[in-house]
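**Student:** Spelled out, the chains give:
Protein chains: 2
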Amino acid sequence: MIQRLSSYFLRTLRDNPADAEVASHRLLVRAGYIRRQAPGVFAWLPIGLRVKRRVEEIVREEMTRAGAQEMIFPGLLPAEFYTATGRLDDYGDGMFRLTDRKDVEMALAPTHEEAFTLAVKDLLSSYKDLPVTIYQIQDKYRDEARPRAGILRGREFTMKDAYSFDWTPEGLDASYQTQRDAYERIFKRLGLEYVIVAADSGAMGGSKSEEFLHPTPIGEDTFVRTADGSYAANVEAFVSSPAEPKDASGVPAPSSFDTPGAATIAAIVEQAGVPASQTLKNVVLALVDHEGNRELIVVALEGDREVDMKRLEVAFQPREVEPATAEDFAKHPELVRGFIGPWKDGAQFLGTEGTTGIPFYLDARIGEGSAWVTGVNEADKHVRDLVYPRDFTADGRVEAAEVRSGDQAPNGAGPITTERGTEIAHVFQLGQRYAEALGCKVLDPNGKQVTVTMGSYGIGVTRNLALIAEQNHDERGLIWPEEIAPFDVHIIATGKGAVPFEVGESLAKQAEAAGLEVLFDDRPKESPGVKFGDAELIGIPWIIIAGKTAADGVVELWNRRTNERTSVAIDEAIARLTEARAVTLVVTTD
Amino acid sequence: MIQRLSSYFLRTLRDNPADAEVASHRLLVRAGYIRRQAPGVFAWLPIGLRVKRRVEEIVREEMTRAGAQEMIFPGLLPAEFYTATGRLDDYGDGMFRLTDRKDVEMALAPTHEEAFTLAVKDLLSSYKDLPVTIYQIQDKYRDEARPRAGILRGREFTMKDAYSFDWTPEGLDASYQTQRDAYERIFKRLGLEYVIVAADSGAMGGSKSEEFLHPTPIGEDTFVRTADGSYAANVEAFVSSPAEPKDASGVPAPSSFDTPGAATIAAIVEQAGVPASQTLKNVVLALVDHEGNRELIVVALEGDREVDMKRLEVAFQPREVEPATAEDFAKHPELVRGFIGPWKDGAQFLGTEGTTGIPFYLDARIGEGSAWVTGVNEADKHVRDLVYPRDFTADGRVEAAEVRSGDQAPNGAGPITTERGTEIAHVFQLGQRYAEALGCKVLDPNGKQVTVTMGSYGIGVTRNLALIAEQNHDERGLIWPEEIAPFDVHIIATGKGAVPFEVGESLAKQAEAAGLEVLFDDRPKESPGVKFGDAELIGIPWIIIAGKTAADGVVELWNRRTNERTSVAIDEAIARLTEARAVTLVVTTD
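If you're matching them up, the sequences are chains R and D in order.
So for the first sequence, this note's numbering puts the first residue at 1010; every next one is plus one.
So for the second sequence, this note's numbering puts the first residue at 1010; every next one is plus one.
Heads up, a few of these hints could be off.
Copies of the same chain look alike in the list, so a pair counts if it fits in one copy or across any two.
Said to hold, decoys possible - Below, a list of computed lysine to aspartate or glutamate pairs in the DMTMM-like style, where the Cα atoms sit at most 20 Å apart:
1) 1111 <-> 1028
2) 1111 <-> 1322
3) 1340 <-> 1298
Because the hints were derived from the structure by calculation, they are not lab data.
Given only the sequences and the hints, what does the whole structure look like? Please build it.
**Tutor:** Here it is, written out as structure tokens:
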């Protein structure tokens, strides 16, 4: 089909939107693809909807190939769907909620595990009905605290969410692998670089979970990987290795010493003459449940590392972890800020078995036999030669410390590096958590009721589109990969007289006849500069210019990505375009 | 493609859903197309989504043909979008509302006039940018007080809503006509009978409005039309003709008479010896605004007619009309229930100029010079020979009385008949109401700012699908028209041994190769009776049975609509099917 720019509901904008932090946001708005309606809520203008549809179509094709069946659930669901699984509380403010005119509580679904599980419970009854994988491509709602970066992290977004149902763990493994394979095909077709990392399964629950991350400096996630590619994990899922055990038999008994005013690691390092890595930092934190109840804990880690709150929250979810407040400290005068430690006067001080009874956790990196300089719960004093576990113990181990490049991978493959990335898909083995809570069972071959086992598999359609824009642009605008470009060719008629416009019209019709989708810039009064600038901003991969030379039978074929312009005879233009496309258009069909 | 029933997420149900009042609801649920999630909120199962997509595709094709451009807005919008136009109040409880985590008021959009207007305001600036018609196919939300009849009147539903923008009234007329023509093509392709009726423009505001109604006894709307087809109107938009003026010079002066206990029209008729049509019924009503303020009014109409509250509400919108309550009456002891009238003791009693000051309206049917028997505001008394307007007047005329078959059409085309129907589309000339409220202006050719003029055009996708099911079923199940059937052919393999299944498989592949979408019932253990019953319930228009005779090279071609079964050679089956489809598949391409 031919879309004429003279009547298209598309306006390019000269200025960047004031709140745009990233290139995809700037360019998608300026090139007329999206318009903001509210924080994190966007409308898709006609050309934007075309790109979105193409991404959806690739996802749909690969889901079909993976044997998944498409259906669709409403975005508005009764809140009670989420109560049996506890997710109404887990999501907290992240879920949009409302009451209807009859005061029934409703929710805008952030994800649909419960609804799909209930549908399967409703319709299927036998192991013979399984496996089944069903999915939808649907608008989701999450009331993000900090919607940002345009459609990269919106409050409304389009997602493909699939759910597999099996009755054996082996079945779940197979369904999971099928979806995982489909995702790899999708990202290859979208041309999006990805790394599959072990992930924390978070609010979803379940046993096994992997994230597809797109490595990008604007990513919100940190992941780690080894040089040999044998290990990759989201930083929240990274498992630290404890330091090698040491023989502490030669370490003297702990001895206190004066450290006037040394309430920071730096000051202790100076006064005690040891490196920060040999000081034990004791951080007071509060665990907060969804009703706001606070429990104080202390976490100890090497003095040269900071606590990574996101990693720590994994250990204590669904409770959130917050720094202790002045109010928290006021209730515990025994905690002398800057001088806290697990030990005092020869006895355990922190921990449920200690004097204070405050739960005390040790970072997973701390090794047996390690000797520490740390606080002794008295102002202006520290202790040295405090050996774990000779002199103090803990209520448990947690992954608390920040992860650093150079830390050891848990699989023995050597040091990891840390990188930034954005989650582009997530696959979960949910196991029986949802099916158990909602009573989704089938009869097994022996006629016995068994709870089904589930997986859930999500791809953010709109987020992926934004990342494709991030990965495919230059300072002048977008450069769409051919498989998801909104149009196949952008024909520009420009210059004096009727000839360029007649030639443009004729080429548009020829291109249409060749099965191409054509954007035809037939605007009568815009200058060549404006038209070329718009074409670069909009980012259709191929441009044909019918300009001054059109009267001589020549037009220009312009490759947006390489910026190469070739003069071609009008009669050959569409054939040349088709050839060039055949070279650059890579369709994955393995 | 081939979808095998053995692995399809589709289960037919034997029992009707308990709350199903209409055939489409019963059959779409039983045949596995939809499942209820909440009152008026449904999920679309895989086969249901296929039909929904086909309806959407027809709508989309005709929108494209009409030059409309597709885009999409979020379902979740800031409530403030609706405040400038007053619709937040107009919709009242009908709009789902919520507040986000930052206490910003949000709404689930019942319709998107404001959002589209703001987008045009945002992007366009000149008369040269117009006309433009933009549309979306989108899930809408309305908190209906009485969701019913499955997807016929849901709280979440899919709608195509288009909006035209012009800068002259003639432009609006043309855009309106283009959409109206597109709608006619859509309904012809969907095979849905329709009547275009003049309509009240309701909460939308605006100057001209027509509804497409589908005549059906289960319809919620009443419409009228003349036998010659020259006039048709929604009953709310019907304009009554006042009775011919009469010469009342010979009518004696009004005289009161005793009517002991005659507080009903029937009793007055008996005691006064006049037909009910010559008594004047005075109905006390309350107008209620969205803040709950009540104003009492009295409406007078012929005694043999009832007040049609929906018609009356058109006159007083956005206020709602309610019957007066005992409490209302308690505040007005001057109103003697059963004996109310406009006149008392020779003077105007009701009306802002009357003794009571209570606004008094006269039904539009009341003619000049008509003489009435009516109450005289005193218990057990009435008056006769009370002549309008000789003896009493009113504050205004309203369309209050129910419309009856036999009433005169306002265009002089004679009597109308009343029928039931369901709204399947609505076209509005909104004029400048929204553009004015939201400041949507463009520069005209003289460089002057002019407010744009708009139309809005809606088709309920899911409602139309339900009506197609209503119109296309029998006692055994659905019978889809070919253009929107979820599959083109339903192939059943049944019987002993492998042959029928091999033949079915081979035919399914041949049909797929011929470009048909195939549902293949390959279930190994279901009986022929179950398979045939499911096929009839599901309603694919063509069925091929590979059964007992398959071993002899013969299968049956079954027309679901006519119930005709023809034996055909296996080798010819797909060719015969294709021929038969060519006859029955009517594609409108005018």
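**Student:** All hints are to be evaluated individually against the structure, with a verdict given for each.
**Tutor:** Results for each hint:
1. Taking identical chains as interchangeable, the C-alpha atoms of residue 1111 and residue 1028 lie at most 20 Å apart only when they sit on different chains, with a minimum of 18 Å there against 39 Å within one chain.
2. In the homo-oligomer, the alpha carbons of residue 1111 and residue 1322 never lie at most 20 Å apart, since the shortest distance is 37 Å inside one protomer and 24 Å across protomers.
3. Taking the shortest Cα distances, residue 1340 and residue 1298 sit within 20 Å of each other inside one copy (19 Å), while across copies they are farther apart (54 Å).
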